[in-house]
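Novice: Here is what each chain is made of, one letter per residue.
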Amino acid sequence: MEQSVLHRTLRDIAAVLVVAIFMFPLFWWALTSIKPMYAIFNKDHVVVFDFVPTLINYAVVLLGWSRAEIAIESGSTFGVGGTSSYDSRQTILDSIIVSVGSTALTMVVAVLAAYALSRMTFRTRTGFLNWVLGQRFMPPIAIIVPLVLMYKAAGMRDTDNLFMGYVGLILIYALMNLPIAVLLMKSFFDDVPKDVDEAAMIDGATRWQTFRRIVLPMVRGGIAAAAVLCFIFAWTEFLLSLFLTTIIRTVPVKITTFVTSTGSEWGFISALGTAAVIPGFIFILLVQRHLVRGLTLGSLKE
Amino acid sequence: MASVTVSNVRKTYGDVEVIHGIDLDIADGSFVVLLGPSGCGKSTLLRMIAGLETVTSGDIAIAGRRVNGVHPKDRNIAMVFQNYALYAHMNVKDNMSFSLKLAKRPQSEIDEKVGWAARILNLEPYLARYPRELSGGQRQRVAMGRAIVRDPAVFLFDEPLSNLDAKLRVQMRTEIKELHERLKTTTVYVTHDQIEAMTMADRIVILRDGIIEQIGSPLDVYDHPANLFVAEFIGSPAMNLLKGVVDGNSVRMDSGVVLPLPPERNPGQGRKVVYGVRPEHMGPGTGTGIKATVNVTEPTGPDLHIYADLGGEEICAITSERLTLSRGDTISFNPRLDRIHLFDAGTGKAIT
Ligand SMILES: Nc1ncnc2c1ncn2[C@@H]1O[C@H](COP(=O)(O)OP(=O)(O)O)[C@@H](O)[C@H]1O
Ligand SMILES: [Mg+2]
Numbered sequence: 001m002e003q004s005v006l007h008r009t010l011r012d013i014a015a016v017l018v019v020a021i022f023m024f025p026l027f028w029w030a031l032t033s034i035k036p037m038y039a040i041f042n043k044d045h046v047v048v049f050d051f052v053p054t055l056i057n058y059a060v061v062l063l064g065w066s067r068a069e070i071a072i073e074s075g076s077t078f079g080v081g082g083t084s085s086y087d088s089r090q091t092i093l094d095s096i097i098v099s100v101g102s103t104a105l106t107m108v109v110a111v112l113a114a115y116a117l118s119r120m121t122f123r124t125r126t127g128f129l130n131w132v133l134g135q136r137f138m139p140p141i142a143i144i145v146p147l148v149l150m151y152k153a154a155g156m157r158d159t160d161n162l163f164m165g166y167v168g169l170i171l172i173y174a175l176m177n178l179p180i181a182v183l184l185m186k187s188f189f190d191d192v193p194k195d196v197d198e199a200a201m202i203d204g205a206t207r208w209q210t211f212r213r214i215v216l217p218m219v220r221g222g223i224a225a226a227a228v229l230c231f232i233f234a235w236t237e238f239l240l241s242l243f244l245t246t247i248i249r250t251v252p253v254k255i256t257t258f259v260t261s262t263g264s265e266w267g268f269i270s271a272l273g274t275a276a277v278i279p280g281f282i283f284i285l286l287v288q289r290h291l292v293r294g295l296t297l298g299s300l301k302e
Numbered sequence: 001m002a003s004v005t006v007s008n009v010r011k012t013y014g015d016v017e018v019i020h021g022i023d024l025d026i027a028d029g030s031f032v033v034l035l036g037p038s039g040c041g042k043s044t045l046l047r048m049i050a051g052l053e054t055v056t057s058g059d060i061a062i063a064g065r066r067v068n069g070v071h072p073k074d075r076n077i078a079m080v081f082q083n084y085a086l087y088a089h090m091n092v093k094d095n096m097s098f099s100l101k102l103a104k105r106p107q108s109e110i111d112e113k114v115g116w117a118a119r120i121l122n123l124e125p126y127l128a129r130y131p132r133e134l135s136g137g138q139r140q141r142v143a144m145g146r147a148i149v150r151d152p153a154v155f156l157f158d159e160p161l162s163n164l165d166a167k168l169r170v171q172m173r174t175e176i177k178e179l180h181e182r183l184k185t186t187t188v189y190v191t192h193d194q195i196e197a198m199t200m201a202d203r204i205v206i207l208r209d210g211i212i213e214q215i216g217s218p219l220d221v222y223d224h225p226a227n228l229f230v231a232e233f234i235g236s237p238a239m240n241l242l243k244g245v246v247d248g249n250s251v252r253m254d255s256g257v258v259l260p261l262p263p264e265r266n267p268g269q270g271r272k273v274v275y276g277v278r279p280e281h282m283g284p285g286t287g288t289g290i291k292a293t294v295n296v297t298e299p300t301g302p303d304l305h306i307y308a309d310l311g312g313e314e315i316c317a318i319t320s321e322r323l324t325l326s327r328g329d330t331i332s333f334n335p336r337l338d339r340i341h342l343f344d345a346g347t348g349k350a351i352t
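If you read the protein sequences in the order shown, they are chains L and E. Here the numbering used here is used: the first residue of the first sequence is 1, the next is one more, and so on. Here the numbering used here is used: the first residue of the second sequence is 1, the next is one more, and so on.
Just to be clear, a hint being listed does not mean it is correct.
[Said to hold, decoys possible] The calculated label-pair distances, taken between Cβ atoms and stated as ranges, are:
1. L:Trp-131 <-> E:Ser-108: 49 to 55 Å
2. E:Ile-195 <-> L:Arg-289: 46 to 52 Å
3. L:Arg-212 <-> E:Thr-12: 31 to 37 Å
4. E:Arg-10 <-> L:Met-120: 21 to 27 Å
5. E:Thr-12 <-> L:Arg-207: 23 to 29 Å
Calculated directly from the structure, the hints in this document are not laboratory data. Built from N, CA and C at the ideal position, the CB exists for glycine as well.
Sequences are here, hints too, so could you generate the full structure?
Specialist: Okay, structure coming up:
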């Protein structure tokens with residue numbers, strides 16, 4: 001009994017330690033975001049907790065406060081320079097639209113394609129794996145120049161049309177995510193026994209009804225998992241969004257503009273970085289109740 | 001209700017033919033078992049009847065209508081799969097009513113039918129449960145409930161009991177048989193278990209490597225196997241099969257042991273035959289007869305199984321006598337002459 005208490009305690013300590021190690025950067029980032037300027041830039045010692053917390057960094061990136069307002073609030077103009085605007089409200093909105101849009105598009109196409117790959121036989125079926133591998137071999141930087149030209153020609157780059165900008169990024173993210181999403185969804189469909197489809201067909205369901213009412217609900221967990229992956233990719237992607245659009249600045253691109261010729265605005269960077277965690281967090285919260293294992297449990301013998 | 005007719009049906013996968021021209025008539029209301037070792041094509045044949053596999057050549061008709069190109073849902077059949085194939089995301093009630101909902105039947109009829117099926121199958125307390133919350137036997141019943149609510153013309157079962165434990169298997173066997181007695185729906189039942197086939201079937205169709213070896217009632221195939229394959233496959237413990245040469249009114253084994261033939265059987269002097277006797281017809285005793293040496297005995301309760309060495313071959317005999325035998329004892333056999341099977345050693349066909 002005593003030993004098992006010791007055992008448990010040690011295990012709990014180990015768990016807390018591991019979580020702490022992984023959470024520390026996030027914690028430090030969040031902490032930095034509420035530090036006033038003097039606490040971030042202190043050449044004498046590292047300021048951990050001995051500062052007066054401020055929300056000024058958030059006011060700038062999330063409410064669009066001007067330099068004058070900052071100066072008044074902080075009572076000093078130290079470090080408030082550069083020409084960039086730090087208002088990131090449009091950026092966050094753009095990132096949400098592009099990430100949600102591309103995830104939705106990817107999942108619709110991937111689910112349909114994966115079902116076909118899992119259940120039907122057709123000639124080009126075997127080419128699929130090559131497509132996935134080929135796409136993985138090829139880093140985006142290798143094709144960025146032709147892509148830029150194509151986007152230009154298609155009117156999705158160097159345009160004032162915000163809508164075209166969204167379409168452009170949604171399309172390229174969907175394309176980047178598709179192979180892996182299809183591969184993932186195919187493995188989830190493969191886990192649903194074909195007997196279930198056949199039973200539904202004998203019960204009188206058409207192919208579409210079988211898909212929609214029987215198989216799709218059984219891969220709910222897979223859809224949630226794949227959607228999270230796609231969302232995270234789109235939310236954090238930098239290169240394509242930097243090159244393929246001029247009108248949209250997604251969060252990762254926007255943050256780079258906080259590194260200016262007169263210094264890096266660590267306060268604003270950390271505020272936007274911390275704020276940027278939240279939409280992804282909400283998205284995962286929304287889908288995580290579907291992320292339960294064993295949805296097909298009970299369909300089969302154990 | 002309907003008859004099922006299979007005429008000269010073949011099935012090839014790529015270059016491999018797995019069903020080699022099968023003819024089969026299944027009468028309206030009968031319970032037909034397709035029996036054969038694993039891989040002989042039972043499932044393939046059943047799935048062709050269901051419409052889940054295409055027919056390479058030949059015809060399948062249900063209730064006199066050719067159904068070769070007909071979608072499974074339009075064949076008016078119901079199928080129970082080996083692994084149940086339940087809809088995991090639906091509760092028992094929804095599993096059973098799915099087909100009726102698709103057919104847009106009125107809710108009152110759906111409730112009535114599902115209630116009726118649940119009563120028959122003792123599923124009433126479980127209607128709100130999900131498949132994962134049920135035991136194997138209950139899942140099997142849900143799969144059957146899903147089939148019977150539709151009131152189909154033909155039931156197709158593909159090894160429905162092989163995932164259950166032995167005790168449950170015996171119980172479900174009886175339940176399926178009772179269900180058939182009650183509904184009188186034409187049933188095609190696939191199994192590799194000859195006991196299941198014997199106990200449930202009106203007629204047994206014995207398959208091997210995509211061809212039919214014999215069709216008959218259970219007792220028919222047991223008492224009059226058409227060939228060596230059927231003789232060996234049906235019956236447990238299996239029929240004793242001893243090679244020999246006809247010599248007058250007996251069969252002489254290579255080892256010199258002489259096996260008696262009934263006087264009216266005369267397969268021809270010098271013919272190479274296989275002499276078959278079921279264990280229960282061996283007539284073991286201690287008096288005169290064919291001498292053998294006891295290897296091992298297994299009491300089963302009602303019977304005693306005796307394994308003995310007869311001229312270098314191990315044979316089995318069953319008796320309800322309480323004989324006390326031990327290894328090395330000499331035992332004598334007097335096979336029942338009217339229950340002797342003779343097969344041609346070359347072709348394996350029964351000699352009548
Ligand atoms: N889809 C398929 N492709 C190729 N061969 C198959 C396929 N399905 C079944 N077979 C072959 O057909 C034969 C009969 O299979 P099956 O009907 O499943 O046998 P059983 O149900 O009697 O065990 C087997 O040799 C099997 O390998
Ligand atoms: Mg089979």
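Novice: So, against the hints stated earlier in the document, which numbers end up violated here?
Specialist: Nothing - there is no hint that the structure violates, so all of them hold.
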